[in-house]
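Participant: So the chains spell out like this:
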Amino acid sequence: MRVLVVEDDPLIGDAVRRGLTGGGFAADLVGTTDAARSALHAETFDLVICDIGLPKEDGLQLVRGLRKQGAAVPILMLTARDGLADRVDALDIGADDYLTKPFQIPELLARARALIRRSKAVASSELTLGLLRLELAHQRATAAGQVLELTHREWSILECLMLSAGRIVSKDRLMSAISGWDEEITPNAIEVYVSRLRNKIGDVAQVRAVRGMGYRIDEPEHRGGC
Amino acid sequence: MNPSTEAVAEAAPSIRGRLLVLLLLPAIGILSLGTLTDYLTSAAPFRDAYDQALLDSALAIADHVGSDADGNPLLTLPPEAVSLLRTDKYDSIYFKVTTRAGRYVAGDRDLPDLAQHSAATSRGDARYRDEPIRLVSFTPQDGAGPVTITVGETLRKRDRARATILSTSLAVDLGEFGVVLAMILLGVRIAMNPLRDVEAQLEKRSPRDLSALSLAAVPVEIQSVVRTLNRLFATVRATSEAQRRFIESAAHQLRTPLTGICAQLELMSNEERDSARQQRLLAVLDAARRLARTTQQLLTLARSDEAAHLNWERLAVDLPRLVEAAVMERIAAADIAGIDLGAQLEPATVQGVQWLLAEALGNLVNNAIAYTPRGGVVTVHCGRKEGMPYLRVTDTGVGIPPAELERVTERFFRASNTRGSGSGLGLAIVHEVAQLHHARMSIDAGPGGQGTSIEILFPAPASVLPGAAAPNA
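Here the protein sequences line up with chains L and B, keeping their order.
Numbering of the first sequence is given in this note's numbering, commencing with residue 1 and proceeding in unit increments.
Numbering of the second sequence is given in this note's numbering, commencing with residue 227 and proceeding in unit increments.
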């Protein structure tokens with residue numbers, strides 16, 4: 001996995017690059033949008049991590065330009081929390097996610113993995129989380145190479161959770177993912193499906209309930225790994 | 227306001243009082259003068275009329291003065307006529323006929339004489355039988371003979387008439403005075419209205435609102451005062467804005483290196499194999515993170531001040547989404563701290579500054595996580611009660627000592643039972659942001675009397691909208 005980091009502050013840039021390297025990514029660091037453009041022109045990256053506040057030209061300009069040219073590479077913006085509308089702007093102009101400073105490296109890695117997972121799913125129609133693998137075209141799920149026997153609804157829930165791995169997926173969203181035109185699904189039913197799903201997945205991945213909000217799927221080992 | 231300026235304000239001159247005194251005193255003077263003139267001018271015609279009646283009697287008597295054989299004057303009036311002449315409803319009537327030389331001819335002998343003038347008639351006052359009387363005398367110039375007829379009457383009728391005139395004119399003038407008084411009071415009141423408006427405008431402002439007062443409705447007399455006030459507002463605004471900008475840019479400048487330092491320390495502590503050194507690195511990392519958080523909080527406070535001064539635009543903020551974001555952002559930290567972080571979401575919307583609300587809620591959740599022991603429960607609630615949207619964070623943590631509840635919203639105050647990290651700015655931020663949204667912040671014990679429950683109760687949507695829309699509210 002190749003990541004381009006666009007960050008002008010040497011200390012942050014270096015930490016991000018090291019953190020990514022430690023997390024199993026190959027990371028290139030540039031300090032300006034111009035350098036970023038030539039890097040992206042010369043090589044292919046799986047993810048761009050871009051600071052908004054850059055000298056000369058800000059990160060939003062870079063993102064706007066990339067999206068205008070039709071580049072599909074996922075982009076994670078680094079923003080400052082100061083009430084300026086840059087978070088909203090970032091998503092509006094085509095960034096895929098944002099992380100506010102100061103951030104923690106594990107969080108950065110989780111976001112990076114989630115973004116790459118999603119874009120790879122689109123490209124290869126495969127979703128992976130550790131040893132859990134979903135082949136979207138065939139609706140086939142494997143855990144450590146073993147095929148999981150899932151009902152249609154269990155599959156839909158797992159797919160929905162996997163698309164946002166590491167993030168909370170609300171019960172509402174799970175409900176709308178499995179309910180057809182004519183059927184009513186209750187929140188209790190979701191709990192039943194999730195509990196069955198947990199049994200089938202075993203300890204390959206962890207599906208955790210977040211009280212009052214929904215569920216989230218994680219790799220068991222990278223939780224608390226910092 | 228300190229006691230001495232209060233005292234000055236008590237004794238301060240009142241424009242209203244002055245106006246009343248300056249208008250009322252002359253009005254009273256003029257009206258009293260009017261009453262007096264009325265009385266005096268009406269007294270003379272009355273007196274003349276009654277005198278004329280007396281003179282008529284004298285003329286009637288004169289018609290009956292003849293002469294005896296010796297040529298001496300003689301009253302030929304029959305006794306019935308005399309008694310008729312003397313009859314009056316109120317007064318006693320007296321008369322006397324004398325020769326021009328003063329010799330008594332007829333009537334009341336001891337009736338005083340009037341000093342004789344060359345004129346045919348004369349009038350005057352005298353006393354007779356212990357009573358003041360009015361006298362009229364008539365000396366016919368023609369054939370009636372050389373006599374003087376003096377007719378007098380007591381003053382009862384005249385006194386009655388005078389009393390009637392006086393009381394009537396007094397009643398009329400008192401009525402006029404009442405009307406004038408009412409007009410003056412009303413006039414002064416109306417004239418003071420623009421002052422009152424300015425006062426009201428000042429009173430209903432938030433003490434943090436430093437925007438200029440509108441000069442449109444200000445009377446010319448105090449325009450310069452209001453202008454000076456506006457200049458003062460502008461100066462204070464500029465000063466506080468400079469201070470705020472300083473804090474803001476300082477926070478901005480601090481944040482970037484702090485982010486780098488934290489990230490580097492995090493990596494170094496992960497890579498460090500020597501456990502003693504790793505502990506030291508983690509301690510430094512903890513301090514650096516605290517510094518980063520305080521920096522962020524200072525920035526939030528500066529921004530919230532700005533939002534209060536400049537009336538930032540309020541947009542509809544969906545509370546369940548706000549809570550979701552706050553929980554998601556902190557679920558990892560809660561996991562590490564061994565705390566069950568959850569939410570209870572009911573639909574609710576407030577008009578507000580999204581970013582500041584997120585910061586306030588984030589601080590509440592951070593506090594709850596920080597002050598709740600491992601195995602505890604932190605729940606973020608949102609919804610509406612009686613139409614009023616609320617955000618509430620409950621925890622099963624150490625709680626806040628009741629005696630310190632009042633002080634926890636002060637900047638840099640920290641409860642005595644807290645340990646570890648914390649800037650003391652978290653609740654101050656929550657309080658500021660709540661105020662900014664006209665919301666009430668309340669702190670209670672958590673569920674089952676354990677831990678803490680902090681609630682931000684927003685006004686019902688309809689009542690917050692006009693306030694947010696008014697430019698000077």
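These are calculated hints, taken from the structure and not from any lab test.
Glycine residues also receive a C-beta, built at the ideal position from the N, C-alpha and C atoms.
Hints may be right or wrong, so weigh each one.
According to the in silico footprint, chain B covers these stretches of chain L (three or more CB under 8 Å from chain B) [unchecked claim]:
# : region
1 : 13-26
2 : 62-75
3 : 98-104
4 : 206-214
Per label pair, the in silico range of CB-to-CB distance [as the list claims (entries may be wrong)]:
#  : chain 1 : residue 1 : chain 2 : residue 2 : range
5  : L       : S176      : B       : Q676      : 47 to 53 Å
6  : B       : A443      : L       : K68       : 40 to 46 Å
7  : B       : P599      : L       : G94       : 27 to 33 Å
8  : B       : D435      : L       : P187      : 45 to 51 Å
9  : B       : T465      : L       : K120      : 42 to 48 Å
10 : L       : R173      : B       : R453      : 57 to 63 Å
11 : B       : A438      : L       : R173      : 48 to 54 Å
12 : L       : E135      : B       : Q479      : 36 to 42 Å
13 : B       : K611      : L       : G94       : 39 to 45 Å
14 : L       : K68       : B       : Q479      : 32 to 38 Å
15 : L       : S179      : B       : G674      : 54 to 60 Å
16 : L       : P187      : B       : G674      : 46 to 52 Å
17 : B       : G674      : L       : V192      : 27 to 33 Å
Participant: Can you tell me if the region 13-26 of chain L counts as covered by chain B, using C-beta to C-beta distances under 8 Å and a minimum of three residues?
Facilitator: Our answer is that it holds, as 6 residues pass the Cβ test (under 8 Å) against chain B, meeting three.
Participant: Taking the Cβ atom of K611(B) and the Cβ atom of G94(L), is their distance within the range 39 to 45 Å?
Facilitator: holds, 41 Å
Participant: Within 27 to 33 Å or not, the Cβ separation of G674(B) and V192(L)?
Facilitator: holds, 30 Å
Participant: Report holds or violated for chain B covering the region 206-214 of chain L, Cβ cut-off 8 Å, minimum 3 residues.
Facilitator: Coverage by chain B holds here, the residue count being 4 at a Cβ distance below 8 Å.
Participant: Do the Cβ positions of E135(L) and Q479(B) conform to the proposed distance bound of 36 to 42 Å?
Facilitator: violated, 50 Å
Participant: Quick one: are A438(B) and R173(L) within 48 to 54 Å, going by C-beta?
Facilitator: Holds, at about 49 Å.
Participant: Quick one: are D435(B) and P187(L) within 45 to 51 Å, going by C-beta?
Facilitator: holds, 46 Å
Participant: How does the Cβ-Cβ distance of P599(B) and G94(L) compare with 27 to 33 Å: does it lie in that range?
Facilitator: violated, 44 Å
Participant: Measuring from beta carbon to beta carbon, are S176(L) and Q676(B) in 47 to 53 Å?
Facilitator: Given range 47 to 53 Å: violated, Cβ gap about 37 Å.
Participant: That 42 to 48 Å hint for T465(B) and K120(L) (C-beta), does it hold up?
Facilitator: Violated, since T465(B) and K120(L) (Cβ atoms, about 55 Å apart) do not stay within the stated range.
Participant: State, for the Cβ atoms of K68(L) and Q479(B), whether the hinted interval 32 to 38 Å holds or is violated.
Facilitator: Once the Cβ atoms are compared, 33 Å apart, the range 32 to 38 Å for Q479(B) and K68(L) holds.
Participant: Does the Cβ pair P187(L), G674(B) satisfy 46 to 52 Å?
Facilitator: Hint violated: Cβ distance 26 Å, outside 46 to 52 Å.
In the structure shown, a violation is registered for the earlier hints numbered 2, 5, 6, 7, 9, 12, 15 and 16, in ascending order.
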